[in-house]
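K.L.:
Next come the chains, spelled out residue by residue.
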Amino acid sequence: MKTRFLALVVVAVLPLMAFNCITDSFTIALNLKPFNGTYPITAGNNPNYSGFFTVNPDTMYDIGSYTLDGASVYDVRIATSGPNLGTCAGTVSVNNTLLLTYNGPWTAFNTPQSLLTSQYIRRNQPGIDVLVNAVTKGSLITFTVQGSVTTTPVPAGCSLICSAYVQAYAHKR
Amino acid sequence: MDTLRQLPRLRSLAAAACTLIFLAATGHSQSLESTLQQFGADAVKGYIQPAGDLFGANMNAGMFHSAEISKMGFHLSLDIIGMASMVGDAQKTYTANAPPGFNPSTFQTATIFGGKAGVVTDANTGFTYHGTVDGMVDTKFVPLAAPQLTIGDVYGTRAIIRFIATPNVDNFPKATLWGIGVQHSISQYFPVIPLDVAGHVFFNKFTFGDLINFSGTSIGVEASKSFSILRVYGGLAWEKSTMEVKYVPENAAFAPVDITMNGANNFRATLGIGLHIVFFSIFADANFGSVTNYSAGIGFGG
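Residue numbers (this note's numbering), protein chains in the order written: chain A, 1 to 173; chain B, 174 to 475.
Don't read these hints as lab results, they were simulated from the structure.
Incorrect hints may appear among the rest.
Stated by the list, open to error - Result set (BS3-like, lysine-lysine): computed pairs, CA atoms no more than 25 Å apart in a straight line:
1) 244(B) to 398(B)
2) 313(B) to 289(B)
3) 172(A) to 289(B)
4) 289(B) to 137(A)
5) 398(B) to 172(A)
6) 244(B) to 172(A)
7) 398(B) to 218(B)
8) 289(B) to 218(B)
9) 419(B) to 347(B)
10) 33(A) to 137(A)
11) 172(A) to 378(B)
12) 289(B) to 33(A)
13) 218(B) to 33(A)
14) 419(B) to 33(A)
15) 265(B) to 172(A)
Stated by the list, open to error - Some chain B residues judged to face chain A by a derived CB distance under 8 Å, without partners named:
16) 241
17) 295
18) 300
19) 311
Every residue, glycine too, gets a C-beta built ideally from N, C-alpha and C.
Take these sequences, add in the hints, and give me the full structure.
P.N.:
So, in structure tokens, the structure goes:
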């Protein structure tokens with residue numbers, strides 16, 4: 001009997017003292033897959049380019065397992081691919097709201113330029129807010145790029161790449 | 174033989190130990206597993222390192238509570254041992270890397286034992302970045318329990334065996350803890366020593382599904398002195414524990430995670446006390462090192 005009693009005490013008390021303290025209400029910061037868009041620049045004498053890509057943020061995480069509580073943008077990067085086209089300048093908008101402007105040497109953008117550190121990119125806070133709200137609400141996000149280069153003709157294979165990095169805050173369903 | 178007669182009772186205690194380890198190791202494990210799978214190796218490492226430190230210290234605890242080993246004779250005992258490593262402030266936060274380009278480049282955030290995750294704000298843009306996840310376990314200590322069988326004595330040597338396993342239940346992965354070691358009397362060679370002195374080598378392993386793999390090694394010397402039914406014991410040991418975490422993140426942007434972390438404890442000093450009455454014993458000890466750990470248990474046989 002004493003042994004059984006002791007076993008009961010051991011079983012009952014130790015778990016109560018420790019691991020019943022596991023919380024279910026923790027928040028997870030999900031680093032969503034980067035929203036990547038590549039905009040080809042048409043070969044030829046036209047120095048202007050434009051394009052768009054659409055992202056469904058709900059496809060960027062396991063929507064069946066998590067409920068989003070919020071989001072934040074922690075970087076946007078602009079990069080170019082292809083030989084030197086002089087200076088490139090333009091805008092990136094999100095759902096028709098200006099997200100950022102960029103203006104700098106094409107070759108500098110051959111190395112991705114970060115909104116955090118680059119002198120060639122300027123952000124527009126209302127665009128950041130639109131992006132955050134769209135991620136939080138799970139609505140479609142359309143990134144639109146417009147710009148121009150100073151050197152023509154543009155050879156084949158040149159493009160501009162925009163990558164937005166977003167963190168979403170979620171809790172388990 | 175008395176030990177054998179007590180087997181039905183011992184089964185009750187073994188069931189208790191099974192329950193404990195199940196709760197300790199697999200409770201809410203599905204949450205942990207699916208949560209970890211959201212992250213890459215860098216984010217996970219700091220978050221769960223303290224779990225490795227504390228669990229590793231537990232694994233290397235409680236394997237001896239006496240150095241009294243006869244040169245030749247029959248010894249069989251079954252102990253149910255509970256271990257607990259204390260969660261200190263140092264185990265509640267870690268220094269995480271902010272995204273490239275952030276100023277500052279590092280920040281403090283919660284480990285699995287911490288509170289709310291930390292947030293870093295970039296000085297240039299005002300962008301914010303949150304730590305991986307809030308702490309998931311709010312506890313003052315990490316427990317572990319296991320049955321331990323000690324068999325000897327042959328040429329002053331005892332074998333120590335631990336084994337406990339829980340099956341794959343629903344979505345909880347199978348968990349298995351096993352350990353094996355030897356304890357050898359040193360004082361048998363030096364009869365003039367007024368204490369019993371022994372050395373030990375012990376290896377143990379804990380696997381939790383395919384996700385986590387712990388292993389621990391302890392090598393040390395211990396001494397004990399009996400005063401009637403009272404026994405005082407202590408020891409010094411070098412130890413090593415490693416935790417390997419392996420999984421494929423759900424986010425395809427992260428590479429498969431396969432990281433091995435070393436436990437914080439590499440040395441421990443043990444001080445303990447026990448009572449031994451015929452075939453029944455109780456014992457408790459404190460272990461001091463990078464991690465403070467306590468173990469206690471009851472034993473049958475002798």
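K.L.:
Broken hints, numbered, in rising order?
P.N.:
5, 6, 7, 11, 16
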